[in-house]
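We have chain H; now place chain Z onto it with these hints.
For reference, the chains in residue letters:
Number of protein chains: 2
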Amino acid sequence: MSELRRDPIGGRWVIVDTDKPYKPQDFEYQPQTYHPGTCPFCYGNESMTPPEIECIREQGTASNTPGWQVRVVSNKFPALQIEGDLDRRGLGIYDMSNGLGAHEVLIETPYHQKDISDLLNHEVENFLSMYCRRANDLVKDKRFKYLMFFRNYGSAAGASLEHAHTQVVALPMVPKNVAEEIIGAKSYFDYRERCIFCDIIRQEMQEQERIVLENKFFLSFCPFVSRFPFEIWIMPKKHSGYFRTMGDDEIRLLAEILKETIAKVKNIFPNLSYNYILHVAPINGDTDVEYYHWHIEFMPKLTQVAGFEWGTGFYIDPITPERAAKYLNNK
Amino acid sequence: MSELRRDPIGGRWVIVDTDKPYKPQDFEYQPQTYHPGTCPFCYGNESMTPPEIECIREQGTASNTPGWQVRVVSNKFPALQIEGDLDRRGLGIYDMSNGLGAHEVLIETPYHQKDISDLLNHEVENFLSMYCRRANDLVKDKRFKYLMFFRNYGSAAGASLEHAHTQVVALPMVPKNVAEEIIGAKSYFDYRERCIFCDIIRQEMQEQERIVLENKFFLSFCPFVSRFPFEIWIMPKKHSGYFRTMGDDEIRLLAEILKETIAKVKNIFPNLSYNYILHVAPINGDTDVEYYHWHIEFMPKLTQVAGFEWGTGFYIDPITPERAAKYLNNK
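Protein chains in written order, with our numbering: chain H, 43 to 373; chain Z, 43 to 373.
Among the clues, some could well be false.
Copies of the same chain look alike in the list, so a pair counts if it works inside one copy or between any two.
Claimed, not checked - Heads up, simulated BS3-like pairs for lysine-lysine below, C-alpha to C-alpha not over 27 angstroms straight-line:
hint, residue 1, residue 2
1, Lys218, Lys187
2, Lys182, Lys228
3, Lys118, Lys62
4, Lys373, Lys228
5, Lys301, Lys368
6, Lys218, Lys228
7, Lys62, Lys218
8, Lys65, Lys118
9, Lys118, Lys156
10, Lys373, Lys65
11, Lys62, Lys280
12, Lys184, Lys218
13, Lys308, Lys279
14, Lys218, Lys182
Just so you know, these hints were derived from the structure itself, not from any lab.
Same shape as in the complex, but just chain H (with noise of 0.2 angstroms):
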């Protein structure tokens, strides 16, 4: 029988097939491929793009010409916009406002078809700086209530460019699957007086079923409540809502941990198309909250969200995530 798991933070149910014993090969999946062309992420290509906002460059060069490492430009078809005012106003019954936000495309190498397991670790260290430096700046706006950072690699997740991207929008308000996680980790800390996240890494670490990798600062792991076949948290171990305060440490085995866990699945899925999305606290002035705790979601696409998943909210896993960690460590 299958078995039924609640993800205790929204309180979502996932329906595990604990039945059928699904193997990686069991999964058809489309895999990245690449149409070599003009590409404006590339290389040589700056002015292809609007202005860069930030950029890791040698020294000397200049700016919106190559010599750069890792670039952030705005989105050149942004979904909000970063002008005006809210206005927020109703329509009879419905309530509307406009478009106002920001909308940042962060080019994470200059190479087209490197991966983030294909970067050295000081690269993925440099972009993960940028990742930082881009919060810190935005957070200073104060029309400004949330930041999203997330990635869509490959064309099965949505990926409209295929050199390798991470997208920053900043958002007026916070988002409804945002707020709905907040809900759940601050009912849970109002009654236990502890971060739910901190519990998780705990738990986790007791069982060590679902690990995939671990060091110093962080925990990578698949989720007990995982939505999808090989979903993956990377978590910090010391309790932060936000990632913007990371020292040069923790991000230096940030990016080692993400390199090592994105390989570890390429391993299995070789080209594998997925999405990862940096949740994190609202933003809150300069305090850290204590009831929510800030992490990378990693979701491969391996399957198809259907009627039932739009319908309902539940998810259906063909894998537990205790084989799929078991496959990502080769046992």
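Then chain Z, alone, in the frame of chain H:
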């Protein structure tokens, strides 16, 4: 500047792109294609499925043989199983239970390549009346809290079999997405003493801008807060939380509007993949509910859901529902 619109039921925000005037031909989509072969849902192959639960068939023909128009069977690979108990239990901070439930397949037509828009009106009526029969049967099992009827049509919509069918799932708990809708609708009702869906119908009929089709009992329209391009809701004008109590006249006009709505969409996007979901109130004995109003949500697969939507629960709709309704009405 784009527009942010807030769904008054669940509180979800959608970014509606009002800047770029997208046309239907701007959407690339993967059409439903047919690979003829041995299909367990085809006429003559009745022995390839689990035995019939209910059937509409010619008098004098035997169960599990040809002679049928609509057939309901158990899902051969059920996500949930009908035998046993829920047995809710804890595991450290996690909750879990057995995968109790029902998972049926309702085969709408004996013809492999026919979608709803290709059927005769009375054939659509036949399978819709079977929706009611199955719901009225499953509702008697006191272990179930919710009945979900949904349809994945085409491989891009996650259909594993191309022969048209509806899936029926009976769940031992009210799923998260439904619970959220209920909370929103109920708090609107508590405050205004009116059903929010009745108010939506009133506003849509007044504004006329987003209506696709209308008959005596039903309205089909592109909702103001569409998450997807060409999303359409079909809603009964008369208040009720459940479709299972529909009379023959209502079933007849639902068949008409459902078929014509899908035909209008397919007129623009031939062989489109799509999902539709029947949203109903949770099982509540024999009592109807005042605050919830059943309806069908039709979601064409024209765009991909990626990291942004996963992380935020925000959606980005590149075409306004007002424009979509115009295209559907050839204006």
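Going through the hints against the structure:
1. Lys218 - Lys187: both (12 angstroms within a copy, 25 angstroms between copies)
2. Lys182 - Lys228: Intra 25 angstroms, inter 38 angstroms, cutoff 27 angstroms: intra-copy only.
3. Lys118 - Lys62: between (45 angstroms within a copy, 12 angstroms between copies)
4. Lys373 - Lys228: neither (37 angstroms within a copy, 50 angstroms between copies)
5. Lys301 - Lys368: within (19 angstroms within a copy, 48 angstroms between copies)
6. Lys218 - Lys228: This pair counts as both: shortest intra-copy Cα distance 15 angstroms, inter-copy 18 angstroms.
7. Lys62 - Lys218: between (34 angstroms within a copy, 26 angstroms between copies)
8. Lys65 - Lys118: between (41 angstroms within a copy, 20 angstroms between copies)
9. Lys118 - Lys156: within (22 angstroms within a copy, 42 angstroms between copies)
10. Lys373 - Lys65: Classified as within; 13 angstroms inside a copy, 51 angstroms across copies.
11. Lys62 - Lys280: For Lys62 and Lys280, the Cα distance exceeds 27 angstroms both inside one copy (37 angstroms) and across copies (44 angstroms).
12. Lys184 - Lys218: within (20 angstroms within a copy, 33 angstroms between copies)
13. Lys308 - Lys279: Classified as within: same-chain Cα gap 25 angstroms, cross-chain 52 angstroms, threshold 27 angstroms.
14. Lys218 - Lys182: Classified as within: same-chain Cα gap 22 angstroms, cross-chain 35 angstroms, threshold 27 angstroms.
Hints 4, 11 from the earlier list are contradicted by this structure; the remaining hints agree with it.
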